[in-house]
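One line per chain: the protein sequences are A and B, in this order. Here the first sequence stands for residues 51 to 323, where the numbers follow the working numbering. Here the second sequence stands for residues 40 to 345, where the numbers follow the working numbering.
Treat the hints with care, since some could be wrong.
Cβ-Cβ distance ranges computed for the label pairs, FRET-style [claimed, not checked]: (1) SER320/B to PRO276/A: 53 to 59 Å; (2) LEU162/B to VAL278/A: 43 to 49 Å; (3) VAL187/B to GLN108/A: 18 to 24 Å; (4) GLN60/A to GLU76/B: 52 to 58 Å; (5) ILE240/A to SER316/B: 33 to 39 Å.
Hints are computed from structural coordinates only; laboratory data are not their basis. Note that CB positions come from ideal geometry on N, CA and C, so glycine has one too.
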Amino acid sequence: MTNNKLSDLQKKAKEIRRTVLSMIVGAKASHIASSYSVVDLLVYLYDYVLRIDPKNPQDPDRDRFILSKGWGVSALYAILAKKGFFEQRLLEAYCRDGSKMIGISTRNGIPGIEATTGSMGHGLPIGVGMALAAKLKKQKNRIFVIISDGECDEGSTWEAILQAGHHKLENLVVIIDYNKWQSFGRIKDILDLEPFSRKWQAFKWAALEIDGHNFKKIDRAFSKIPLVKNKPTVIIAHTIKGKGVSVLQDRNEWHYRTPTEKEIKIAKEELSL
Amino acid sequence: MRTAFLETLVGLMRSHEDIITLTADMGFSVFEHIQKEFPTRFINTGVTEQSTVGIATGLALSGFKVYFYAQAPFATMRCFEQIRLDVAYNHVNVKIIGVAAGFSSNQLGISHFALEDVGLMRLLPNMTIFTPGDPIEAEWATKRAYIVDGPVYIRLTKSDSPVVHVNKPTFRVSRGIKISKGNDISLFVSGSLLPMAQEIVSSLQRKNIHAALISMPTIKPIDREIILKEAKKTGKVITLEEHSIIGGLGSIVAEIIAEEGKTVKFHRFGVPDKFTSVTGSPEYLLQYNGLSVARITKSILNLLKN
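Start from the sequences and build out the full structure, keeping to the hints where you can.
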């Protein structure tokens, strides 16, 4: 990856985090840290991986992207707006009365939102259905699903993992936002997922672990997909919940709280270019 | 009923390439020929009802019409939240086929009974519900489900149910079918107890009571008009179903009549609000729950007296 490309991505990620901050603060909303956790991955996906035309978001041959961890949707909205799927000013309606910009990814006519998620363990089964459909129709498009680590507690997630491996869905790519937190505490204390990568491999997936904030590592990972022929790909992205702002990082309260004036000031300073 | 469904489904799959059939590992000795004829459009997803509903949704969002086949308790209850959020909310073409509803799996007990399925499906916006009462109604429901734009639940019961409609009636979604005329009392039935309802009508006839019999193969959207017309005409309304008395046909008819402010004599015959923890033949289990021709006839005669 060239230095130009790297600094451009880093700049964009900061910009998206600033937009998310103003959306969250404006609506006194929650889940800022869940969004920050996936910003870098989303910025990269929409710039370099996903073949989705903002001018033709219903093109049957488009790649499909599902944010199964739908509570991180503020980051997705910010990126979709930046990419031109809809007008930037719509972001101001985030979580406001009567707005379609709901705080969980909801399929309600907003361009670029493919599935209603947020109830955990829904996104991956839908993605498996889309991958099967693409195979049946002999389409070249690919299906990308970002799931959370907490979602890997759900039985329906593992049913879908079993299914995708069995059907050799190499057009399916799962990215796990492995920030090590679930709603009530640390993953390893509540319901440990390790050995995580080996579990997926045992279910006939090709797995790769990366630093989900390191654009060089992200770039290298996505240049290789599908990792193995005839296997679905999982990229286990080690991330930090709240990544990008010191006071928000790796603290579970940011699944729920809205930043105070003081914290907003710190965030703005750290996110300035 | 199941045979009628399967034969109709094969015909539909032959003429419509956009149909995919998913089964959650159900259909031993009945689905093999479909699997053979449509190796790519028939998928056994294994015992995975929850994710299968999600997969069905993904296929439907990609343009397919999906028939999802499983035993009624598992097709509707195990994956209710997936049906709500994935299928009903998205208004997608997923047709849920619940087989062996009611007490059909008579020997297997509570795990395999489905007496709450209609009530649950009815709660969901966008859902169309068919409860066929004989093979002719099952064939219609299967075909109609393909045409309905959006989610459908078809409730199938025993595989060997007799043909009631000797002359094929004109079916329409949301239309009750009048099977016999009568001015004394109106009997509404949905699903598997249609043959029992016919016997009840004959047994009332012998007591010189003339009952109108109306089959309700569509539970949602319901035929409001025929319910109100009968309520006005006879002033005595009875419902019959192999389902909990809560949430099914009886509840629907009661809601409509009450909202319209009609004063009628009214009684719901269905499975009482308690679990059945015994086994036996389907007839035994129905009788155990107060559902037999003799007992219902007697109750109706009492109702008419008071």
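Structure-based check of all given hints:
1. SER320/B to PRO276/A: 53 to 59 Å: At roughly 54 Å between Cβ atoms, PRO276/A and SER320/B fall inside 53 to 59 Å, so the hint holds.
2. LEU162/B to VAL278/A: 43 to 49 Å: 44 Å, holds
3. VAL187/B to GLN108/A: 18 to 24 Å: 23 Å, holds
4. GLN60/A to GLU76/B: 52 to 58 Å: 56 Å, holds
5. ILE240/A to SER316/B: 33 to 39 Å: 36 Å, holds
When each numbered hint is compared with the structure, no violation occurs for any of them.
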